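Letter by letter, the chains look like this.
There are 2 protein chains.
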Amino acid sequence: MQGLMMDYQLTLTPFLERAMRMFPKKEIVTKSGPSLERSTYGEVTERIGRLANALARMGIRSGDRVATFSFNNTRHFELYFAAPCMGAVLHPLNLRLPPDQLVYIVNHAEDKVLFFEPQFAPAIEKLSAHFKTVKQYVVMGPTVPETTLSPVVSYEELLRNEIPDYPWPRLQENDAAAMCYTSGTTGNPKGVMYSHRSLYLHSMGLSMADSVGLVERDIYMPVVPMFHVLAWGTPFAAMMLGTSIVFPGPHLTPRDLAELLSAEKVTLTAGVPTLWMGLLNLLDNERYDLSNLRGMVVGGAAAPQSMIEAYEKRHGLKIIHAWGMTEMTPLGTVSNLLRSQEGLPDAERFAIRARQGPPVPGVETRAIDENGKEVPWDNKTFGELEVRGPWIIKSYYNDERTPQSFHDGWFKTGDVVVIDENGSIQIVDRSKDVIKSGGEWISSQDMENVIMSHPKVAEAAVIAVPHPKWQERPLACVVPKPDFKDSLTKEEIYEHLKTKFTKMYLPDDIVFIDAVPKTSVGKFDKKVLRVQYKDYVLPDR
Amino acid sequence: MQGLMMDYQLTLTPFLERAMRMFPKKEIVTKSGPSLERSTYGEVTERIGRLANALARMGIRSGDRVATFSFNNTRHFELYFAAPCMGAVLHPLNLRLPPDQLVYIVNHAEDKVLFFEPQFAPAIEKLSAHFKTVKQYVVMGPTVPETTLSPVVSYEELLRNEIPDYPWPRLQENDAAAMCYTSGTTGNPKGVMYSHRSLYLHSMGLSMADSVGLVERDIYMPVVPMFHVLAWGTPFAAMMLGTSIVFPGPHLTPRDLAELLSAEKVTLTAGVPTLWMGLLNLLDNERYDLSNLRGMVVGGAAAPQSMIEAYEKRHGLKIIHAWGMTEMTPLGTVSNLLRSQEGLPDAERFAIRARQGPPVPGVETRAIDENGKEVPWDNKTFGELEVRGPWIIKSYYNDERTPQSFHDGWFKTGDVVVIDENGSIQIVDRSKDVIKSGGEWISSQDMENVIMSHPKVAEAAVIAVPHPKWQERPLACVVPKPDFKDSLTKEEIYEHLKTKFTKMYLPDDIVFIDAVPKTSVGKFDKKVLRVQYKDYVLPDR
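Note that the protein sequences, when read in sequence, are chains A and B.
Position one of the first sequence corresponds to residue 1 (my numbering), numbered consecutively onward.
Position one of the second sequence corresponds to residue 1 (my numbering), numbered consecutively onward.
Careful: at least some of the hints might be erroneous.
Remember, identical chains collapse to one label, so a pair may be satisfied in a single copy or spanning two.
Unchecked claim - Computed cross-link-like contacts, DSS-like style, restricted to lysine-lysine with a CA-CA straight-line distance of at most 27 Å:
#1 K380 - K25
#2 K25 - K373
#3 K135 - K432
By construction, these hints were calculated from the structure, which means they are not laboratory data.
Here the structure is a predicted model, which is why all the values come from computation and not from measurement.
Generate coordinates for the entire structure from the input sequences, incorporating the hints supplied.
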């Protein structure tokens, strides 16, 4: 027996039409240098129609990839809808990637056109000879600067020549709408191809009161870059709801942000923890009126409990701690308090909110042990987190590495977690970093954090080294602070560790090194150390 | 180009599994006589497994209809999931329908099994000879009362004999999950067949902060009957979110409700306006602590502005005014204030909230004139409301009357509306009642309300009568109050009407009648009057 409900396709086009009709006067603001460029959903949706006509005229067809190299601004937002709603695929490029990865990504995605900010012209010029499929460059501004790129045209000139009406095609919900590449530390980046359906459902997910709860009444400022998992999918939800948006443009110093949050009476913002650490430091020293701000979404890395606490206690500001992945569009968990937790003492409440939290409706989670069995929700047993749901990938784009990321139809996140009785997740390590000692999994992250809390230690990386009896045992690679370079001893580290860990968790050895190797984006690159110490003979302990 | 996201089917089964795992301790309470029966999601989801096993054992197969004749209680909630998640179709019957309609519905739906409350045994006995497909009766209680029904078994006996584990099948999202019949005033009721997908998406819709915003933290009491569009779909959303539920059982006097709302610290409730009018009257005279109540959802009929105002001003309670239809699962609009409306004077804000409001994301709306053209959003021009979306029907179940309800893929609601610049809808009449005079549409409802505000009038119905020049003109059928039965004059009514309407809107004639004919559920049955006056010769005016 079939249900008899409309075969209504979940695509982004109704979001566009809804905002055009219902919210034409709502504001969209972009910080551009010292000034603010103000426009409205009415103007922007009209420009989106012009842009779609321009894309069609330049030969962009259904499924073609439209790349962007841009900041958080209104033009970028226009591309977020013009490309997917005309049937093409939006592809924002990560501004921070090294040139070789950018070239790989543009060629792998087979981008047909590249929209970029004027100031990136010199950088793009250097790469363009390596781009195999790009047929058109568009400068995201009123004019074209002096450049060797060709053919090239300015965004505003493009729009001037077009009409606002575009015959939006009837898309199917599983059609591709956008793509992003992961910036993995191993091998080439992998492409994630979002469908219209996944972005539609994810927008509803973000709007649920138990999740981020975005509403029409919000004035929302996405600080998370629009190339970073599509600004966490929030621009799509904003269009759906008619939420006013403040795009912060390229300048993201704490002072820039504080001034903009205050001046534009922003109610909700979103960004990575580093950003909010900087803002916290500023707010501790200078006064800004952030009384309209109801929430600050934090994702991309774990929000330290101390930061959540500091914002709430010192500034009355609420951190909305979320976790997700590029492969998850990205919303996975939001660490809101449950009803039963609301009355708990401060310390417990903040500890709960510093966890990644329970999955939002739409996302299913489980943690799996070495034998492929689900681990209990006892908040102790380690397992690799696997996820499933309508906005989670089923495969990477044209990538033979896909199979290793899936297990029985579930996506393997690569995170090692514990899960408590409420289904709240706490990430304890990456699965490639966890030390599998006999049946026991040891978190390298936990141990690193404890070692780095020693006053004489600058950095520490804990890695697994092969062991004849235990399979793997931990080796701690420690960088002393300059003043203690020659004086810090293994015994001091062990004494410190013993206050937190029982004997079986202690590293089998400690080596002192000059620095922990880093990736291009500044993260610890432990695979270099693992290679270096793969034959290291651990002492008997 | 296809998106590469999981082919994850949107079914109710993940809601069930989610609550089972994440919220086993959350409470589900049913008022049963003077006492409260307390259980938990842990217990209830276990019983749902037993119930599914019992359904399978009694021969219920994929697609079979499982009928209920019951109140708002925990057993009914168990059926809400056991039937759909095992692949069958839940079919709650409207307790208030006349016997002939019930028989029609049960036979038309081909219900295989009928679950009913013990006190309805005598009523069911009278009808059972007419049921052509019912093969099994189940009494929703611990034992079977003295009855001629056969075969019959008690619910608790059924569950006692089963195990809680059930091998939930992998369903497809377009599979039928539940059905309800509309109680139209014309002809036989029409069946609406909800899919798993529509109930899943509708649950997300209800949970959006810009809609009803149901959350885990709520303690929710559905007063709207579970046979009335599945209690507006709210029990599915509650399972998804792990929201505590208080089922009020059969006794719904204002005092019953006030005591339960207070004792159980309910945060959100939902029901029809009549119910809340009764409660308002009680609260005006007696004190109850309803300080936990954050919202009262009103639907099923328009909430009078005076009621919205009275609750807010006198009791600090917020009415969440919503509109929908059986054919829409039912959520269509929620009359929340927009950001731009928050600062308006009280009178304007309450007038806005008394409208049906803007459509929630997921629902598309337009209003169409006689020529099939869309009318402008000027808050003046009448048009028939048409809707489209993923939780709106595409056809009635086995019903040849289906085509007349659709227009170009849109569902014709049968409501005549005006729409303002924000897309907010106000219903002015039913399309069968509106008087089409030349190019102008005249609202019979508006005129009835004005006539009924005359101190000497008890009831009034305004109907269209054929007219040689204008196609249709209004005729007012007026019932004087007993004391004015012989003294009330047409002139008095006209004088009163002239204060509100210009000449072209005034009825061409007024007739005095003894009573307005009523339907079985007590609504004005204007079609009887239309038949009676179809050849009425209107005077020249």
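Each hint tested on the structure:
1. Proximity of K380 and K25 under a CA criterion of 27 Å is satisfied inter-copy only: 20 Å between copies versus 52 Å inside one chain copy.
2. In this assembly of identical chains, K25 and K373 lie within 27 Å of each other by CA distance solely across copies; the values are 25 Å between and 54 Å within a copy.
3. In this homomeric assembly, K135 and K432 never come within 27 Å of each other (Cα to Cα): the closest approach is 40 Å inside a single copy and 58 Å across copies.
Checked against the numbered hints above, the structure breaks only hint 3 and satisfies the rest.
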